[in-house]
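These are the residues of each chain, in order.
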Amino acid sequence: MKVSVEERVYKKAAAHVLRYTTEDVIGVLVGRRGPGTVTLVDAYPLAHGPVMAPLLEIAFELIDANKPEGTTIVGLYEAVVKTNRSPTLTPSGVKVLEVIADRAGADAIALLIDQNTANDEEVITFHARQLSQKEHRLSEVPESGLSPAFAMSSLEKVIRERQYRSIVDFDAHFEDVSLDFRNPTLS
Amino acid sequence: MESKTKILERLVSKRDKSASDLKSIIHFVKNNNLRYPELVLDCSLQLLSKHSSGLDSEYHLIIEELVNAAIESDFLEVAMKGIKSLSRKFGDKNTKVIKIAGTYRESNGDENNANEYYDYILSENKNDLKVQKRKLALLKTKEDLQPYIEGLNKLLKDNMNDIETWAELGFVYLNNLNWSRALYSYEQVIMLNPSQFYAYIRAAEILYTQGTTDNLYQARNYLCYVIIHDPEITRALWTLFSVCRAIDRTGKADAKNATLLTVCKKRLKLCYEKAKTSTLIDNYNLE
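Residue numbers (the numbering used here), protein chains in the order written: chain Y, 36 to 222; chain B, 8 to 294.
For reference, chain Y alone in the conformation it holds in the complex (with noise of 0.2 Å):
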């Protein structure tokens, strides 16, 4: 399967990585579907902590009711906080990549952020993972179209300008219901 990104969904995913740096972070993407092929086209930040089923419903169902046309939900993108525990998907990340596997009858897509210092700069680094829907089994995406150039570009206005402290995700709008999950200026 080839997987190629938008840049907003690079912006989103990062800003949401970067507002809560001491916290593990999950988000939704949506993307369009082609033969052998899928676009990620925007990013939905879900939650900051532990995503429980109630809320997971709730949040799909409101993605659905507000994603751009011709889109579906794809996967999600999770980063797990600087530790010393080796990047990969959280207990968590894995039930609801499964649960998006299963909704949508296909494959599911998971980017993993990796945020770490290099050189006195943060550097944010995108892997794509895809579970199979059949098999639930998570494997390397054969033709990953990460950019990490494209990457960097586009999140250097949203570090720059700070722009990832308004980020929302739905454990914020849950809160808050006046804050927008769809982050339109992030898009």
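Certain hints may be false.
Stated by the list, open to error - According to the in silico footprint, chain Y covers these stretches of chain B (three or more CB under 8 Å from chain Y):
#1 181 to 192
#2 239 to 246
#3 278 to 289
Hints are computed from structural coordinates only; laboratory data are not their basis.
All values derive from a computational prediction rather than experimental measurement.
Glycine included, C-beta positions come from ideal geometry on N, C-alpha and C.
With chain Y held as given, fit chain B onto it using these hints.
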């Protein structure tokens, strides 16, 4: 009632902030347990660079806020300068300075030194709960969380009424999908302080996830308790909506369920109208 985020936005959006405005922002974030370390850092730096002469006795309090915010935002050089300033004022052996220095070491990945600092404080006062927790927190970064979980349980043996530790234990169990232990932990929080509404909501979420009709009804009870006390907690409303729908799907719904579902939908629509974000649920079936 205006949300904390809106109040903070209002404080921050003021142009040409005075020293009093900057202090208000820092105090508001701290007193409401909000997490905006970069904002606190910005405000502290502005206070120290433009208004330091007027700070008097608050000068080192602001430095302390600056250091904590700098550590959390990973501006470790700034944090170190602040720690040196506190050290000059209060001395190297001051417990608060050592605690902050320990947190700095943790943030810098220097866990051995952090541990030594905490051990030093505990050798002077073994009952310092905050430092016991910080020392324990060093275990949270490891791949194997079992020692951390054991440490939390050990801490609770000596401090059975410590709500923060019960909540942290619940959180760790949740992250590891250990529902029954997570539920037990949150129910301890409820018993210790029945006004901790987030614990009721968490317990309800876990019960929903565990399934069974009995669990759904128990979840509904918890959520109704929260909404009776505060009908504008939208997280509780959404969770109750989800729970009532699930009860409906079991085919074993009691008479109250339909009423609660209707009340939930009306309340949610009102909340979104009040927040002026009804567009978010325009295409969502709340009928």
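Hints and how they fare:
Counting residues of the stretch 181 to 192 of chain B whose CB lies closer than 8 Å to any CB of chain Y gives 4, so the stated coverage by that chain holds, three being the minimum. Remark: the stretch 239 to 246 of chain B is confirmed as covered by chain Y, as 4 of its residues place a Cβ nearer than 8 Å to a Cβ of that chain, reaching the required three. Counting residues of the stretch 278 to 289 of chain B whose CB falls under 8 Å from any CB of chain Y gives 8; the rule of at least 3 is met.
Going through the hint list in order, the structure satisfies each hint without exception.
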